[in-house]
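Listed in order, the protein sequences are those of chains Z and A. Mapping the first sequence onto numbering that gives the first Met the number 0, position 149 (from 1) lands on 148, and the numbers just tick up by one. Mapping the second sequence onto numbering that gives the first Met the number 0, position 162 (from 1) lands on 161, and the numbers just tick up by one.
One or more hints might be untrue.
[As the list claims (entries may be wrong)] A few chain A residues facing chain Z, derived, Cβ under 7 Å:
no.	residue
1	Leu61
2	Leu76
3	Val80
4	Met83
5	Leu145
6	Val178
7	Thr185
Quick caveat, the hints were computed from the structure, so don't treat them as lab data. All residues carry an ideal CB built from backbone N, CA and C; glycine is no exception.
Number of protein chains: 2
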Amino acid sequence: MREVFQQELAEVQSGLVAISKDVLSAITRATTAFSSSDVSLADQVISDDLKIDESTLHVDDLGVEILLMQSPVARDLRFIVATMRMTAALERMGDLAAHVAQLARMRYPEQSAPTDLLEEFANVGKLDVAQAERVVRLFETEDAALIDEIIAADDAVDNSHRHVLEYLTRHENAGDVSVSQIVDATLANRYFERFSDHAVSIARQMRYMQEGAPEVPAEAE
Amino acid sequence: MREVFQQELAEVQSGLVAISKDVLSAITRATTAFSSSDVSLADQVISDDLKIDESTLHVDDLGVEILLMQSPVARDLRFIVATMRMTAALERMGDLAAHVAQLARMRYPEQSAPTDLLEEFANVGKLDVAQAERVVRLFETEDAALIDEIIAADDAVDNSHRHVLEYLTRHENAGDVSVSQIVDATLANRYFERFSDHAVSIARQMRYMQEGAPEVPAEAE
Numbered sequence: 000m001r002e003v004f005q006q007e008l009a010e011v012q013s014g015l016v017a018i019s020k021d022v023l024s025a026i027t028r029a030t031t032a033f034s035s036s037d038v039s040l041a042d043q044v045i046s047d048d049l050k051i052d053e054s055t056l057h058v059d060d061l062g063v064e065i066l067l068m069q070s071p072v073a074r075d076l077r078f079i080v081a082t083m084r085m086t087a088a089l090e091r092m093g094d095l096a097a098h099v100a101q102l103a104r105m106r107y108p109e110q111s112a113p114t115d116l117l118e119e120f121a122n123v124g125k126l127d128v129a130q131a132e133r134v135v136r137l138f139e140t141e142d143a144a145l146i147d148e149i150i151a152a153d154d155a156v157d158n159s160h161r162h163v164l165e166y167l168t169r170h171e172n173a174g175d176v177s178v179s180q181i182v183d184a185t186l187a188n189r190y191f192e193r194f195s196d197h198a199v200s201i202a203r204q205m206r207y208m209q210e211g212a213p214e215v216p217a218e219a220e
Numbered sequence: 000m001r002e003v004f005q006q007e008l009a010e011v012q013s014g015l016v017a018i019s020k021d022v023l024s025a026i027t028r029a030t031t032a033f034s035s036s037d038v039s040l041a042d043q044v045i046s047d048d049l050k051i052d053e054s055t056l057h058v059d060d061l062g063v064e065i066l067l068m069q070s071p072v073a074r075d076l077r078f079i080v081a082t083m084r085m086t087a088a089l090e091r092m093g094d095l096a097a098h099v100a101q102l103a104r105m106r107y108p109e110q111s112a113p114t115d116l117l118e119e120f121a122n123v124g125k126l127d128v129a130q131a132e133r134v135v136r137l138f139e140t141e142d143a144a145l146i147d148e149i150i151a152a153d154d155a156v157d158n159s160h161r162h163v164l165e166y167l168t169r170h171e172n173a174g175d176v177s178v179s180q181i182v183d184a185t186l187a188n189r190y191f192e193r194f195s196d197h198a199v200s201i202a203r204q205m206r207y208m209q210e211g212a213p214e215v216p217a218e219a220e
């Protein structure tokens, strides 16, 4: 019984690792698709999102099964509770990557963002990719140092978010920037920022699991 | 023991009712503040959001306590699992109401949205308020008919979201609409739409609790 239990917990953990790798792949490709207006890459990200959704449901089912059959306590209970929320965060990260990809696709052959902002978005995309990489390693190693790294790294994403908003609102006359580009850039800005928020939310859940401290809800701005 | 258990479950339920009432109040006031550029009302919504965050943490703690002490099964277990996710949705609904209020506040004394869109936003605000009312009643009564109503009512919110996007991108030249207004309208549009998505996510969790069917992740667009 104890052995089965350990095996089930390990299955949840490897499920989280696998989903986070899919999320990492999604945000990596979405960022490239967005910067390079690569429609077929964007399509891939959008269609692959279904797999992430299904995998999170599967891990959730495992979690409920463990609660039902094993009545876990202490750290094991917190792990399952945290998992239920972390799968929701991973699912949203996948959605946000797909949303970024959709922006690239809808606007094709136009650029999704004003030229001035392409570099900023490529940069924040890299920051999000780095967050996703940390989340993968966090699930693999449960290294508490990564929790602090993820929380600290969110500041750079927030700064980028602010820069883009400032850039956009500085242009009181749209001029050479089309309204579609302003709308798309506003949404992309939001998606990139929320992606990192969910990484922070996962980091806080892992801290809750490790320390039992109450998690603080992730807040965007 | 059994009596304590029932009392604890009732406490979780009344916690959900109380939080959903706070969320209803938040979106009602946020919508008014946004339409009328009422800064002091906006400030209230923003500062009251902390209460929603704290209440969700409290209900979550109760849920973990119940898992630990009572090892619930069947519908009771699903209720606690669903609660963990529904509190997250309620917390985000409160955040989104606060975000709408922030838009009203940041842009004051300017209008937060182009005049042409104020009516559309007042309308979608009302749809969100109606969704929040249904969520309150759903927690109070657990009436399955409300689940279908909430899911069906989301279509009107999605339509409004599309209208606003179409309106914005039709104006290929900003003209009399400032870039700030385009940015704000794009964000408000997203916030109003996401609010209703979270109501749908709560409805699906309540269905999962009642029927044990796997919940489908809520997807925006």
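We went through each hint and held it up to the structure:
no.: 1; hint: Leu61; verdict: violated, 12 Å
no.: 2; hint: Leu76; verdict: holds, 6 Å
no.: 3; hint: Val80; verdict: holds, 6 Å
no.: 4; hint: Met83; verdict: holds, 5 Å
no.: 5; hint: Leu145; verdict: violated, 22 Å
no.: 6; hint: Val178; verdict: holds, 5 Å
no.: 7; hint: Thr185; verdict: holds, 4 Å
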